[in-house]
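Colleague: Spelled out, the chains give:
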Amino acid sequence: MFDDGTCFRISPEATGKIIDGEAVIIDLATGVYYSLNPSGSRLWELLSAGQSREAMAELLSAEFGIGRDRAEKDLDALLIRLIEEGLVAPDDEAPAAPSQVAPGPAVEHDYAPPELLVYHDMADLLALDPPVPGLMPEAWDYPEEPDPPEDTST
Amino acid sequence: MRILFWSEQFWPQLGGVQMIAYHLLRELSRRGHEVRVISRRDHPGLPRRQTAFGIPVLRLDHHERVAEGDLNSIACAAGQLHGEVQDFRPDLFHIFSIGSNLLFRERVPALKSLPLVMTFHGELRSEFPPGSLLHGAVDAARGVSTCSRAVLSSLTSRFPQHAPKLRSIQNGIPIPGAPPDSPHASSTLLFVGRLAPEKGADLAIAAMPVLAAADPDLRLVLAGDGSERDRLQGQARRIGVGDRVRFLGWQPPARIQELLSSAAMLLMPSRTEGLGIAAIEAAARCRPVIASRAGGIPEVVLDGVTGLLVEPENPRALANAVMGLLDDPALAARMGQAAFDHVRHRFSIQRCADAYEHFYRAAL
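From first to last, the protein sequence lines are chains A and B. Just so we're aligned, residue 1397 is where the first sequence starts under the numbering used here, counting upward by one. Just so we're aligned, residue 690 is where the second sequence starts under the numbering used here, counting upward by one.
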């Protein structure tokens, strides 16, 4: 699918951060939020660091203890999804960063293939309960009433 | 029970959801439950941490930061939420109003691992496809409540697979054991609520020329504020009732009670409405309500018994209903008394808190 030496650039509109061990990404142009599971989050880190496809596949294989063929297949599937969403694009001219391959396998998670979750509803959620501009609200209390009635309806 | 309660807007901000949260949490505290509130810091003057009527509140800037895509601040808020859960160790997480908080529910493992219940205060008008944050939260929730049967019906159509865990818990407020005051002759019509299109204040203003012609003393008082205020003031001037419509802005709850006591009736010409907390408050002060047949309003306002219902978007029908009651004070008084009796039985805070306690227990 992609050449081993291919590097990728992250869209200037996309920003991502690892929060609680998993990547949260936002496309600032569209307001769409994304998240990646642990293996996908690791690949996002490597993409951000300018690693080539070959280096990423090697790292995925080494760190999660999976075969190289499977690592390449899963990596390509994620790259396709990220490209479809406009979050990354192949960049044939970018020089690959030095490989970050770890000295030995260090499986931190049970492996699940990289998965990109897409949350298209953030704009709708933000619109559900918009802030009401106005003066600083003042503390209030509800007027105390006499003892409440017994509920006689049941 | 220890309840982590997330309400996007919360005391001292004013509004129906904030009012219900205030009454519910005070009542749950009285019953011995421990509650902590997460809320939004919509105004820079609001403290990040505060104890409100005995309940600790943590306010986050998350709404703005999520809208901006400021992931550093989002990560910081996630860290605070993690710390809050570790410190409080809640039995239950109640998302009382939804918004960008669903991102944190999804992404902060300490929150995601808690038993979740959610409350909806209105119908959803956006699509929210499967895979959305909203679907994820509803799928994960052990119980989902709605503020009215109308909202329940709408939500059940959207999530038929979750029908068994959906239930209506109607809002409640403190209601005195006896009518606090009786209706009296008044030329004031009261509107209480946000000045936003869905609340229909423009329809109440549009009814005023006909009403003013019939009763030269009649006044419309609007308590509330919002994005439509300038437009509404312009509308009142344009149709020649600028001197008969008063805009009071937001008023504290105690002042709303006084305004209700001095009004002939409450107008609620909403285009959509979850339940209509102002209608409950009016009824608790023996005031009839003239409202549109929208959302959950017919659950509070019984047409011809506790007030009158008109079709939405119809200022002429609204005006006719108002004139009908102004012309028959005895009928208005009977409706006011019936309204009090209705809400006393159906919309007391005790009944509401009983239902939430049952809802919580079922989720554990």
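Hints were generated in silico from the structure; no laboratory data involved. What you are looking at is a predicted structure, and each value in this text was computed from that prediction instead of being measured. One thing to keep in mind: the hints can contain errors.
[What the hints assert, rightly or not] Just so you have them, the derived chain B footprint on chain A, three or more residues with Cβ under 8 Å:
id	stretch
1	1463-1475
2	1480-1487
[To be verified] Quick list of simulated restraints, FRET-style, between CB atoms:
id	chain 1	residue 1	chain 2	residue 2	range
3	A	1532	B	1050	20 to 28 Å
4	B	1023	A	1535	37 to 45 Å
5	A	1527	B	801	39 to 47 Å
6	A	1427	B	993	19 to 27 Å
[Said to hold, decoys possible] The following residues of chain B were derived to be distant from chain A, with all beta-carbon distances above 10 Å:
id	residue
7	701
8	731
9	753
10	755
11	758
12	798
13	904
14	919
15	987
16	1020
Even glycine gets a Cβ: it sits at the ideal position worked out from N, Cα and C.
Colleague: Indicate, hint by hint, whether the structure satisfies it.
Modeller: For each hint, the structure was consulted:
no.: 1; hint: 1463-1475; result: violated (count 0)
no.: 2; hint: 1480-1487; result: violated (count 0)
no.: 3; hint: A:1532 to B:1050: 20 to 28 Å; result: violated, 38 Å
no.: 4; hint: B:1023 to A:1535: 37 to 45 Å; result: holds, 38 Å
no.: 5; hint: A:1527 to B:801: 39 to 47 Å; result: violated, 26 Å
no.: 6; hint: A:1427 to B:993: 19 to 27 Å; result: violated, 47 Å
no.: 7; hint: 701; result: violated, 4 Å
no.: 8; hint: 731; result: violated, 4 Å
no.: 9; hint: 753; result: violated, 8 Å
no.: 10; hint: 755; result: violated, 7 Å
no.: 11; hint: 758; result: violated, 4 Å
no.: 12; hint: 798; result: violated, 6 Å
no.: 13; hint: 904; result: holds, 30 Å
no.: 14; hint: 919; result: holds, 12 Å
no.: 15; hint: 987; result: holds, 18 Å
no.: 16; hint: 1020; result: holds, 25 Å
Consistency with the previously given hints fails for numbers 1, 2, 3, 5, 6, 7, 8, 9, 10, 11, 12, ordered from lowest to highest.
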